[in-house]
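Trainee: Chain by chain, the residues:
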Amino acid sequence: MNLIEALTIINQSAPDDAGTLEAFLACGFTPLHLQTFLAAHLRQRSPQRKVQVKTGLFGDLAGNIERLHGANSELLFVVIEWRDLDPRLGIRDLGGWRTEDLPDIVGTLKRALSRLEKALWRASASIPTYVCLPTLPLPPLFVTPTYQAGGYELQLRQSVASFAESVSRESSVRILNAQLLAELSPPSARLDVRSELTAGFPYRLPHASVIAELLATLAQNPTPKKGLITDLDDTLWAGILGEVGTEGVSWNLDQHSHVHGLYQQFLSSLASAGVLIAVASKNDRTLVEQVFERKDLLISKENVYPFEVHWGRKSESAGRILKTWNIGAEDVVFIDDSPMEVAEVKAVFPGMECIVFPTNDYQAIWDLTKRLRDLFGKSVISEEDAIRQQSIRSAEVLRESMDVSGGSLDEFLQNADAVVRFTFGKQPGDGRAFELINKTNQFNLNGKRLSDAAWMSYLSDPATFLMTVTYEDKYGPLGKIAALLGKLQGKLIRVDSWVMSCRAFSRRIEHQSLAQLFEKFDAEEICFDYHATPRNGPLQEFFVGLLGAPLPAASGLGFLKADFLEKCQSLHQRVEVVSG
Amino acid sequence: MVEMEDRLMRCFSAVFPALTAEQIRASSPEFLSAWDSLTAVTLAAVLDEEFGLQINPADLPDPATFEAVQNHIRTHRASS
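Protein sequences appear in the order of chains A and B. So the first sequence is numbered by this note's numbering: it starts at 1 and just counts up by one. So the second sequence is numbered by this note's numbering: it starts at 1 and just counts up by one.
Simulated from the structure, these hints should not be mistaken for laboratory data. Treat the numbers as computed from the prediction; the structure is a model and nothing was measured. Be aware that one or more of the hints could be misleading.
[Unchecked claim] Beta-carbon label-pair distances, calculated as ranges:
{"hint": "1", "chain 1": "A", "residue 1": "Gln-158", "chain 2": "B", "residue 2": "Ser-28", "range": "55 to 61 angstroms"}
{"hint": "2", "chain 1": "A", "residue 1": "Gln-363", "chain 2": "B", "residue 2": "His-76", "range": "40 to 46 angstroms"}
{"hint": "3", "chain 1": "A", "residue 1": "Leu-197", "chain 2": "B", "residue 2": "Asp-36", "range": "16 to 22 angstroms"}
{"hint": "4", "chain 1": "A", "residue 1": "Ala-343", "chain 2": "B", "residue 2": "Ser-28", "range": "37 to 43 angstroms"}
{"hint": "5", "chain 1": "A", "residue 1": "Gly-200", "chain 2": "B", "residue 2": "Ala-78", "range": "42 to 48 angstroms"}
[What the hints assert, rightly or not] Covered by chain A, per the in silico footprint, the following chain B stretches (three or more residues, Cβ under 8 angstroms):
{"hint": "6", "region": "27-33"}
{"hint": "7", "region": "42-54"}
From the three backbone atoms N, C-alpha and C, an ideal C-beta is built for every residue, glycine too.
Please put together the full structure from these sequences, using the hints given.
Mentor: Below you can see the structure in the form of structure tokens.
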């Protein structure tokens with residue numbers, strides 16, 4: 001984006017009823033074009049809102065953050081440069097670059113970072129915060145030649161790295177990735193000496209644009225994909241299994257097939273982060289099972305579920321996998337080396353991200369792993385990520401056994417030894433509850449998503465509560481599978497958000513949740529901010545079951561306690577309640 | 001020449017979104033009241049981007065009218 005485009009974007013009128021997204025850009029230099037670019041990139045990501053980017057005082061980065069307490073900003077962007085940590089590390093101040101100044105510069109920088117860290121902790125408690133570490137080159141103040149890294153320079157960089165690692169532990173702080181920034185904006189093309197000296201703005205325009213774009217992306221935090229379906233021949237490994245046999249397929253340096261090993265290793269990494277991995281392959285199932293017994297395969301067969309191995313269409317395989325996972329096509333990536341297979345799946349599932357595996361292009365495979373990391377990347381790995389695939393396997397086994405035995409749901413639930421744990425406590429750092437609200441589609445009260453800022457703001461309201469639900473039965477734990485946000489008004493509970501993972505369906509956890517709400521708050525009525533969405537059919541079915549009648553066309557509905565208890569089906573779980 | 005004028009007007013319109021082309025071209029009172037040091041810096045950056053001119057904002061006429069900038073660009077092109 002260039003500056004004219006940015007100005008054009010921010011000058012576009014917003015709808016009359018558009019709310020304003022207010023962000024604060026904390027920096028120690030004149031914000032000038034960075035402010036413009038940031039407003040434009042935020043506006044591009046929130047076209048229905050006006051965007052206002054506020055800034056603070058020149059030369060007082062830490063003070064700008066400290067004074068922010070109680071401000072209305074939804075987002076805080078902090079752009080640090082070396083001169084904010086000691087003015088002698090910039091070029092506008094002539095404080096001295098003598099050899100004897102260097103230890104003092106290191107000391108000053110450490111104190112500045114300490115102050116900044118405290119300011120960030122305080123600010124990020126109420127505002128989601130996005131930090132860009134120093135991006136400009138250090139001036140040539142060290143005694144070493146520019147091609148040699150000297151001790152003082154390394155101390156400065158180490159101090160900044162330690163500071164970044166420390167603040168990144170805060171769940172509401174995210175650090176912009178310097179490696180990606182370097183790819184998009186080469187370090188040698190960042191500093192604008194004339195602009196810094198004449199206007200106090202140190203960046204060349206392309207660099208300012210890239211920083212703003214990455215910060216806006218960091219704040220946008222796209223919802224990660226949930227599952228990946230992979231082909232096998234010439235994708236997970238090199239070679240056609242049916243032609244070369246179990247020992248003939250390869251993924252090693254000797255046979256120039258190492259990139260397939262990298263791909264396996266990458267899928268294993270995704271699986272360990274809770275991403276669902278499945279196979280869709282036109283192949284001989286027995287041979288595939290034999291390859292997955294090989295000790296040198298870098299992804300375990302336990303990490304893959306289900307295997308769709310047969311000679312039918314790939315789209316049929318993908319459809320069955322989606323059904324087993326119980327997620328939508330738009331949450332899934334499909335990878336196959338055949339452009340024809342990719343096109344066939346894409347035609348049936350237009351919402352699915354379908355990618356041709358670039359078998360013989362080493363660089364493209366490297367780029368593919370980076371693209372996949374962006375599609376599946378998440379800030380933290382939760383307990384639920386670790387058990388997701390196991391619980392899907394359990395659910396499938398249960399479904400099959402109930403189909404075979406013809407057993408009733410009541411019978412199954414009675415014998416499940418289920419424990420449901422309800423936790424009432426408002427922890428803004430509860431990443432799993434936040435993730436559930438922003439990822440769940442099917443059992444979702446209204447489809448509303450919450451930004452980091454809206455989440456923190458909701459929880460900071462004394463009138464609100466957050467209830468999370470954790471489930472376990474004799475078939476294994478499901479982890480934290482539901483979250484409910486609401487307000488208590490006397491004997492009335494208003495539920496603003498209610499989501500439950502599809503893995504937890506058919507266990508009457510939703511019934512138990514309402515029963516617990518009535519009991520916990522001694523309430524007489526619950527009102528829901530219900531809205532029908534194209535995908536919340538399971539939630540609608542639940543409400544229809546309770547009402548015994550079609551849902552009202554208008555949004556919103558509610559139940560009296562007496563009516564609920566009359567309609568509620570028998571519950572067999574043991575309940576634990578934890579107050580946070 | 002017309003193309004250069006259009007590009008220049010695009011630059012001015014981006015920096016002065018509330019003004020019409022007429023007001024910009026005629027250095028109207030609205031233009032004069034919108035002119036300040038911040039717009040000078042922004043206009044210099046936009047001109048650099050659009051025409052590849054490295055203009056020091058302090059070297060721009062105060063105010064930098066459409067006509068003055070147009071002449072500046074012509075002079076720069078003639079000398080380079």
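Trainee: The structure should be examined with respect to each hint, and the outcome stated for every one.
Mentor: For each hint, the structure was consulted:
no. : hint                                       : in the structure
1   : Gln-158(A) - Ser-28(B): 55 to 61 angstroms : holds, 57 angstroms
2   : Gln-363(A) - His-76(B): 40 to 46 angstroms : holds, 42 angstroms
3   : Leu-197(A) - Asp-36(B): 16 to 22 angstroms : holds, 20 angstroms
4   : Ala-343(A) - Ser-28(B): 37 to 43 angstroms : violated, 58 angstroms
5   : Gly-200(A) - Ala-78(B): 42 to 48 angstroms : violated, 33 angstroms
6   : 27-33                                      : violated (count 0)
7   : 42-54                                      : holds (count 7)
The structure does not agree with the numbered hints 4, 5 and 6 stated previously, though it agrees with the rest.
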